[in-house]
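K.L.:
Going down the list, the sequences are from chains V and U.
For the first sequence, counting from 1, position 522 maps to 522 in UniProt numbering; every step adds exactly one.
For the second sequence, counting from 1, position 121 maps to 121 in UniProt numbering; every step adds exactly one.
Keep in mind that the hints are not guaranteed to be accurate.
[To be verified] Quick list of in silico lysine to aspartate or glutamate cross-link-like pairs, DMTMM-like style, CA-CA up to 25 Å:
hint, chain 1, residue 1, chain 2, residue 2
1, V, K569, U, E63
2, U, K135, V, E434
3, V, K399, V, E389
4, U, K91, V, E424
5, V, K428, U, E312
6, V, K459, U, E312
7, U, K91, V, E89
8, U, K101, V, E99
9, U, K48, V, E423
10, V, K459, U, D86
11, V, K399, V, E535
12, U, K91, V, E502
13, U, K287, U, E312
14, V, K428, U, E85
15, V, K435, U, D86
16, V, K419, U, E312
17, V, K449, U, D252
18, V, K449, U, E97
[Claimed, not checked] Which residues of chain U face chain V? A few of them, derived with a C-beta cut under 8 Å, are:
hint, residue
19, E49
20, C57
21, A74
22, M77
23, S79
24, F81
25, L84
26, E105
27, Y108
28, H110
29, F121
30, I128
[To be verified] Okay, the calculated bits of chain V under chain U, using three or more residues with CB under 8 Å as the criterion:
hint, segment
31, 96-106
32, 267-280
33, 418-426
34, 534-542
None of these hints come from the bench; they were simulated from the model.
Each residue gets a CB set at the ideal place from its N, CA and C atoms; glycine is no exception.
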Amino acid sequence: MDLEEAREFRERCTQCAAVSWGLTDEGRYYCTSCHNVTERSKEVLSTEAIPNTKIQAINRGLKRKKKPERGWDWYVCEGFQHILCQQAEALQTLGVSPELKSQVLHNLWRRYLQKSRLAYCRNPVYSGRRAAAVSDDNPSHSGWDSEPELLSDFSGPSGPSVFDSGAESQPDAHPRGPLPSSKASQSDMSSVCSGSLDGVEYSLRKAKGTVKMTVPGTLALCSLSLLWQREAITLSDLLRLVEEGHVPCVNAFQHFPEEMKLYGRDKGIFSVESWPTYEDIYRKMVEVATFLDLPRFPDITEDCYLHPNILCMKYLMEANLPDEMHNFTCQVVKMAGLGEVDFLTFDPIAKKKNTVKYDVQAVAVIVIVLKLLFLLDDNLEWSLSAVAETHNEENKEDKPWFDFRKWYHVVKKSFDEKKRKLEETRAKYVWKSEKPLYHSSIDRSVAYKRREMVVNLQKQFSMLVDSTPTVTRKSPSSFQFNWTGDADGTCFHGHSLQGALEKRGQSLTTRNALYWLSTQRFCRSYCKHVTTYEESNFSLSYQFILNFFSFLLRINVYFLHEEVSLIEKRLFKTKYSKAKKKSSRSRKVRK
Amino acid sequence: MSDFSEDLLRPRTEDDPEEMRVGSGSGMHFPWLQRLVESVATGGRKQKEFAQTTSACLSFIQEALLKHQWQRAAEYMHSYFQILEDSDSNKRQAAPEIIWKLGSEILYYHPKSSVETFSAFADRMKNIGVMNYLKISLQHALYLVHHGLLDDASRNLSQAETWRYGDKSASQEVLINLVQAYKGLLRYYTWSEKKVELSRLDQDDYAYSAASQSMLDHSWKTSTDFHSLIQVPGVWDPFVKSYVEMLEFYGDREGAREVLTNYAYDEKFPSNPNAHVYLYGFLKRGKAPREQLISVLKILYQIVPSHILMLEFHRLLRKSEREEHRKLGLEVLFGVLDFAGCTKNRTAWQYLAKCLRQTLTGNHLAWVLEQWTPRKSWWPGFHFSSFRARGDWTEDRALAHEKAFVAGTLLGRGCRYFRYISKQDHQALRKKMKRIKKLVKKYSIVNSGL
């Protein structure tokens, strides 16, 4: 030990010219060959050395800091898994049953990983790197060979549980994901362009026959599991919750653990600068469900929230329309065959793909009923309103007749206000996350500096704003309008439809005997759409009603118009198949 | 919607930029076409909602500013800052300027704002990007001046003056010069304050020499501040004026003359009447020969024939011996009176009356006719209507008399103006009117033509 320490002393011995020193107990050097003790002592030397060592230490410290902190090794699909987990938790706090997370979504995700050969399979995509670890280690993961077990309580005996939230909270939870980490050799190279291990590879990959997961894709998975659970959240509700920030999607990555670094290609994968649209997510849902080869979903029966009768009731309330209209919606549903279990149940891989946009369909039914009752040709609805108005004035004690004009004025006012508010909140929407994303480590400081700048400016301006917080977060609700609140006659739920009906013999029919079809002829070419919606071709009241309902669902107007046309096609089959008359007299709806 | 940021990048011309971009010569305006053109430009890719909401946010801010809802504008501003993080680098680079313009406007008017907040905002914005530093510094300084904080403004400008950023500083040289010049202007202000102070002191006072010394100090520094800006073509009236004043005060007349001559006559500079006015004033103070003064004002006459100095010009010309100058003198007067703003200028009419008399006495009828012929068609309605006569009579009798003489001379005694004025019976003025009538009879060009 002494010899070790004395090695720094490299002068020749004055006695024997050898360079072989040891330290005495007093700290002096002695020559090991001739035992001559020098005047020089260790202390003297070491004081000389101190500045140097200090510098070295500082250097080392700085160097270590300069090097970007590596964080965990993680795969892109783990990122999605984390987002899914957040979304499931958010849904749970919104009142969805906990099974959604622990079973349904969990299994869907596992199945996705398996199908896209990311994990839980014998030949994963990254087989070269990952020595077939999971599949060989856990042969007991067999739930996937037999379909009916999809909903069976999954309790993997040994394997890493995908949704083990306990593991997530552990700081060094390497075994958390399904992917083992054995890539240290390649990690340095791959991390040049992305924080995740396979970010570059993932964004370049174009495997045929697989569905690539995206951030909106996670919403499709959520929606599928909500559907499986037959929860009382429709797709449009889900998307509204996303926009209002109750379900994470945009910037969900900012809640990743600190050690999961995102940059480079991860930016393209995880940063979202648009709200998910109904059409996209719906398409994605069907796509994912087909890809996952999912069996028929649980039946949608009459007591399910997603059944048109119940949804119609909900939307009638939301639109401030009389409850009595529910009778008519039920009849339309029945006649068009929309209420049957086989029609409603989601069955992605059946021969004839069975997919239903429950909320859009329910709203379309209401539009059809309004057309049946009031024709909506900018003429009849107003004359019927005049009749109702005089009746209401003459008989003030009776149940009031539904007055379309009055309804229009009331609803229009609130609708315009809501629309304006929505535009304003959208304009104030904060897209950028607290965690800035950057392309490469060179941009890192710039991105952080820019972020800091924005935060500072915002801080300064927030002082100019009222003390009330700028963005008051709305509490989640499945209703957007509240009509029952004030008692000044703005609530039409209890009004009667007498004005629009008349007795003919034994039965009660609609006073209006006419009907017009939203689409006369469907497009038969190979383009995807079946009809087009050119606003100016339609009556103003029809436009208003479509605008109002599509605002409720936050969908495009033509999308609702298309659904209306499709239901009319089912309802008036004969008209379409037989004569191609331009305007048609519909059969009357009997009560 | 028109993209505000693009408007900012490109200085607005007389044409509506939107029309220019869509390129319809007929002057029709298609907002939807604009949108289509834009979507083609982005390769038909759907615009991200981030872009949509931020541009909506911008228009809300603009609307709020228009309606003076500073509070509301500040709220939207809070969200608008995220455009600084836009992934579209074009928009990101244009953003600081937009934010500065909107933000400074809000902070200028917002009730909760203060000089401190404004300064903090300006300091922050200066350091976003490179190109805005000088512009913002300058505007910040002007804001401080507006609030009476001259020292702070001066400090600010000195700081900006030393700003350099590689190649970029070359392109912003004019701005640097402008910053310096404004600093000079502030120094000039303190200097002229000291000058006033000095004028109150007794020359034998001990304080006098100290004060004059510090004044001298100021002026020396200031002259360097102004010098470089004045070399650059442009309109620099306040700077030139104060610079010359200081030079003159210290007796550097040659320097001042050089500056002013350069400012007025250098062809690279835009045509600027004030340049000639300053030069004239300087020469007049220096008791320059009449010829020189006339040559300066001749140019001014070509740029602004209605300038207030034109009457002085006329006086100079009148005194001149040369005939062409006298002719020009008449021309100048007619020119002045062509302008609606000068119609009630009594002196001008007086000069014209006198000038007409002299010219006609000197048998230069041709000169008068040369000026009168093109005006014959419209001056009667413009100057000599009976409505005018009534107005002039009630407002200013002396003016009415001068005009009546001119009208009578040019149009004959039958003209409305002359008739109206001569009919007005007034005890005290009867004599005067009689004289005018006599003169008109003598000089009237209508009569002589007969």
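K.L.:
With reference to the structure, classify each hint as holding or not holding.
P.N.:
Hints, one by one, checked against the model:
1. Simply put, V/K569 and U/E63 have alpha-carbon atoms about 46 Å apart, too far for the 25 Å limit, and the pair is violated.
2. A hinted pair counts as satisfied when its Cα atoms are at most 25 Å apart, and U/K135 with V/E434 does not qualify at roughly 30 Å.
3. Restraint check for V/K399 and V/E389: satisfied, since their Cα atoms lie roughly 12 Å apart, inside the 25 Å limit.
4. Distance check on the hinted pair: U/K91 and V/E424 sit about 22 Å apart at the alpha-carbon level, within 25 Å; holds.
5. Proximity of V/K428 to U/E312 is assessed by CA-CA distance (about 63 Å); at most 25 Å being required, the pair is judged violated.
6. As the CA atoms of V/K459 and U/E312 are separated by approximately 61 Å, the hinted pair breaks the 25 Å bound.
7. The hinted pair formed by U/K91 and V/E89 fails the criterion: a straight-line CA distance of about 37 Å is larger than 25 Å.
8. Taken as a hint, the U/K101 and V/E99 pair is broken in the structure, with Cα atoms around 54 Å apart against an allowance of 25 Å.
9. Straight-line distance between C-alpha atoms of U/K48 and V/E423 comes to about 16 Å, which keeps the hinted pair within the 25 Å bound.
10. Distance check on the hinted pair: V/K459 and U/D86 sit about 19 Å apart at the alpha-carbon level, within 25 Å; holds.
11. Simply put, V/K399 and V/E535 have alpha-carbon atoms about 36 Å apart, too far for the 25 Å limit, and the pair is violated.
12. A hinted pair counts as satisfied when its Cα atoms are at most 25 Å apart, and U/K91 with V/E502 does not qualify at roughly 63 Å.
13. Restraint check for U/K287 and U/E312: the C-alpha separation of about 15 Å stays at or below 25 Å, so the hint holds.
14. Under the criterion of a C-alpha separation no larger than 25 Å, the hint pairing V/K428 with U/E85 is consistent with the structure, at around 15 Å.
15. Pair hint V/K435 plus U/D86 holds up; C-alpha atoms about 14 Å apart against a cutoff of 25 Å.
16. Taking the CA atoms of V/K419 and U/E312, the gap is about 68 Å. The hint is violated against a cut of 25 Å.
17. For the given pair, V/K449 sits about 52 Å from U/D252 by alpha-carbon distance, which is inconsistent with the 25 Å threshold.
18. The suggested pairing of V/K449 with U/E97 holds, with an alpha-carbon distance near 18 Å, which does not exceed 25 Å.
19. Annotation: interface hint on U/E49 holds; nearest CB of chain V at approximately 4 Å, less than 8 Å.
20. Evaluation of the U/C57 hint against chain V yields a held restraint, the C-beta minimum of about 4 Å falling below 8 Å.
21. About 4 Å separates the beta-carbon of U/A74 from the nearest beta-carbon of chain V, less than 8 Å, and the hint is met.
22. Checking U/M77 against chain V by beta carbon gives a least distance of about 5 Å; that is within 8 Å, so the hint holds.
23. A distance limit of 8 Å between C-beta atoms decides the matter here; for U/S79 the minimum to chain V is near 4 Å, and the interface restraint holds.
24. Here the hint on U/F81 is kept, as its CB sits about 5 Å from the closest CB of chain V, short of 8 Å.
25. The criterion of a C-beta within 8 Å of any C-beta in chain V is met by U/L84, whose closest approach is roughly 5 Å, and the hint holds.
26. Annotation: U/E105 was flagged as interfacial toward chain V, and the flag is violated, the nearest CB pair being 13 Å apart, outside 8 Å.
27. Below 8 Å, beta-carbon pairs count as interface contacts, and U/Y108 has none with chain V, the closest being about 12 Å; its hint is therefore violated.
28. Because the smallest distance between the Cβ of U/H110 and any Cβ of chain V comes to about 5 Å, under 8 Å, the interface hint for this residue holds.
29. Because the smallest distance between the Cβ of U/F121 and any Cβ of chain V comes to about 6 Å, under 8 Å, the interface hint for this residue holds.
30. This hint holds: U/I128 has a C-beta 6 Å from the nearest C-beta of chain V, less than the 8 Å allowed.
31. With 0 residues carrying a beta carbon less than 8 Å from a beta carbon of chain U, the segment 96-106 of chain V misses the three-residue requirement, and the given coverage is violated.
32. A stretch counts as covered by a chain when three or more of its residues have a beta carbon under 8 Å from one of that chain; for the segment 267-280 of chain V and chain U the count is 3, and the coverage holds.
33. Counting residues of the segment 418-426 of chain V whose CB lies closer than 8 Å to any CB of chain U gives 3, which reaches the minimum of 3, so the coverage claim holds.
34. Counting residues of the segment 534-542 of chain V whose beta carbon lies closer than 8 Å to any beta carbon of chain U gives 0, which falls short of the minimum of three for the stated coverage.
When the structure is compared with the earlier hints, violations turn up for hints 1, 2, 5, 6, 7, 8, 11, 12, 16, 17, 26, 27, 31, 34 and for no others.
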